[in-house]
Amino acid sequence: MYDVTRRQLMHLGVGAAGAAMLSGLPVPARAEDQTLALYNGQHRPPVEALVAAFTAATGIAVVTRNGNSAQLASQLIEEGANSPADVFWSEESPSLVAIAEKGLLAPLQAETLKQIPAKYAARDGAWIGAGARSRVVVYNKSMIEESALPKTVLDFAGEAWADKVAFAPNSGAFQQQVVAVSLLKGRDVALAWLKGLRQHGRIYNSDSAAVEAVEGGDIAVALSNNYYWYALEQELGPDNMNSALYFIGQGDPGTLITVSGAGVLKTSKKAEAAQRFVAFMVSAEGQAAIVGAIAEYPLRPGVVSPFPLKPFDQLDPAPLTPADLGDAAEALALLREADLA
Amino acid sequence: MTSAASASDGSSRRGAAASAPASRWLVALALIPTALIALPVIYVLMRSWGAGWQAIWSELARPRTLRLLGNTVTLCLSVTFFASLIGYAAAWFTERTDLRGKWLWRVLCCLPLAMPAFVASFAWKSLGPSFQGMPGAILILSMESFPLIFLPVAASLRSMDPGMEEVSRSLGKGPGTTFWKVTLPRTLPALGGGALLVAAHMLSEFGALALLRVQTFTTAIFQQYELQFDNASAAVLSALLMLLCLPVAFGEMWLRRGVRFSKVGRNTARRGSPARLGRAQPLVMLGFIAVAIVSLGVPFGRLGYWLVKGVSAGRGLDALGPALFGSLSLALPGTVVTTLIALPLVLLVLRSRGFFARFADRLPYVVHGLPGLVVALALVYLSIRLLPAIYQTRAVLFAAYAILFLPLAQSAIRASAELVPREIEEVARTLGRSPLQAFVSVTLPSLAPGLGAALALVALELMRELTATLILAPTGVVTLATEVWSHTNDSAYAAAAPFAALLVLISGIPVYIFTLRTLRPRTDHQAL
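Line order of the protein sequences matches chains A and B.
The working numbering applies: residue 1 is where the first sequence begins, and numbers increase by one.
The working numbering applies: residue 1 is where the second sequence begins, and numbers increase by one.
Please keep in mind that the hints were generated in silico from the structure rather than gathered at the bench.
Please note: incorrect hints may appear among the correct ones.
[Unchecked claim] Just so you have them, the derived chain B footprint on chain A, three or more residues with Cβ under 8 Å:
1) 165-175
2) 180-187
3) 204-216
Quantities reported herein were computed from a predicted structural model and do not represent experimental measurements.
For glycine and all other residues, C-beta sits at the position ideal for the given N, C-alpha and C.
Model the full structure from these sequences, guided by the hints.
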């Protein structure tokens, strides 16, 4: 056995760390450097379009760290006060709410918040929506008639729909839908709905996988966000689509508005530039860049999406705002109870 | 001159080795990987502990945990079994029979290494729902992992003196008995080493299983991180996963106990008389073709289809250069760091059978089954608290790479190191060389094949590594793997295809080097 004292261990640790640092070649930060660090969980096309427009308009460069929104939120929480991030752009509002609850977000400027309807931002102004989308039902046109689709999303958990419904419990938007069912119909109904889906539905790893399964004829129906279908349509060509969108409407949680959005980190050392970035996201130019690259609805009045979306004012969605849905912790509790997580 | 090998011989060598004190330098160097590996273990235990007994118990007692355990064990055992069967059979047919066109079959058996499992799974999934679920996952993953068995077994058959088998036959033993009593036991370390890697891969596999809709501990851990921001139950599942790695890590060690096949002298292995296949010849060829269609034909065909088709093709093609550069600038130095860190571990355990040596040698295998996500978050947590200056530099990422892939380097180096008789270094010492001189002039050159194989294998894995890279790479750095991931995330398969194709192409280089090392025409050394 080898006697290794604590002091020897310490020496080794320091030596190893030193060697690691040398091999790591950290880039020295320039004093006047205004480059923003953007943690991005949103799909890349709209983010790349917006960053290009922002840099062209302001001369401020942006370096993007791409990842999954929830993982980036976990990472930001682990980083805490030492986070190098300036702005967090999330695919879903619960990730923003989660880090706001940890006190990691700085309040946005009042001028920025005024640019879009208040119901698509945090009540305390910690984060703001950048684009809206709707929960929809995607169905395979050759496997099912539109008229056979139900008037409420709750029906999909019934035995009549056994082996016909694809859903993705991992998806942030699905979790928000669970919270919506719980808020509008009660917790017991939400739990029974999840148990029914677990028993009769089919689990997919993501909304996009579920939509592809419907398009490919593996399964008749999927619960998804609207833009996954448009992304697939763009990929395959509008004339080749086997699937179509169905909007339940009538205030049912089957049609739920959720947002992607952003916030400025409290620990950002470039707060001014970071605030400018978020302000640009909801400017006319920024909104046009975003909705030109993903089939989300613009939140700023007067901006028009180039995608053939169902008009926003005809959706008749569930009467809930993203702030109502919170950090979706309730969804996790329900998913665990239903043995889905 | 024949190779000197038997269990008893090995144990006498072991005795000699134990009496020779391992140098303090070696112990000190071996502490580096041990300390690194300890980081995620400490993190996972700390996080689980923070959850409290109540939470740990309620997590363990859930029916879902049992179901995940069942799935994880089923997948791990089945894939390891089938991959071993296919890999061993392929190696035996190409090394011990008069099969025609051996060169072609060998190449076809190595190429699946270049195909990342998530690309293959995507290809299969797109053929229809029947390939999803456990049976499909077992089929696809067995087909993509059998080269990890084929290569070491083929190398070991090749270096084994066929004289032993001939003696057995001449003593009147049938081909079956000869195989079970002579051939199999001597290829067992190679088979065990390969099987260990396959099993550990299956424990940590994520991408392929997510696509094929199979839930294991690893996919559940990822799900926890998608659902929740404060992660006690993910930590508990990670701790369970490490427990599952224990039998894998020590099982292989048990398999290799006391076996040491040193050869003294060069080119001692000679060509024996191959078994005649006769009328079975076309049947065996058909088998090889079937394996190649499943493991290569479908994935490559699908990739080609996406390359040609799709309106999103061409989108973001200008990112091809930076992504290639990113992949190489992370994978190549990461490979060197990982291999260098592994070297003292292997040398130490060959020279010392003390507790520390064995513990340090096995610890990396326990962590090898952990998903990259857990290791990455452990390093985020620790580096930002203890050494914020190195956070999001390459240093932390290389540390993660080493933690995740040390066992690959260890297995490859060990295969060479075990073939170097200690006596040779001792002779050098008695001739007046210092220990360091003796090591550099005698041992190191003999380790070259193993080091080469280690570099190739680790480079192959680092090139396709995704989760640790996403979390730890310097902000703004992209790799081929992260580009494939982001595009498939947006359903832009045609846009992903050029990156995936380039990834497979680049992976072909280490595969080529590795294959060449392993299956070089008879030489004095062989890797793995």
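Here is how each hint holds up against the structure:
Counting residues of the stretch 165-175 of chain A whose C-beta sits closer than 8 Å to any C-beta of chain B gives 4, which meets the bar of three, so the coverage hint holds. Using a Cβ-Cβ cut-off of 8 Å, 0 residues of the stretch 180-187 of chain A lie near chain B, which falls short of the minimum of three, so the contact claim is violated. Under the rule that three or more residues need a Cβ within less than 8 Å of chain B, the assignment of the stretch 204-216 of chain A holds, with 9 such residues.
Of the numbered hints given earlier, the model fails hint 2 alone.
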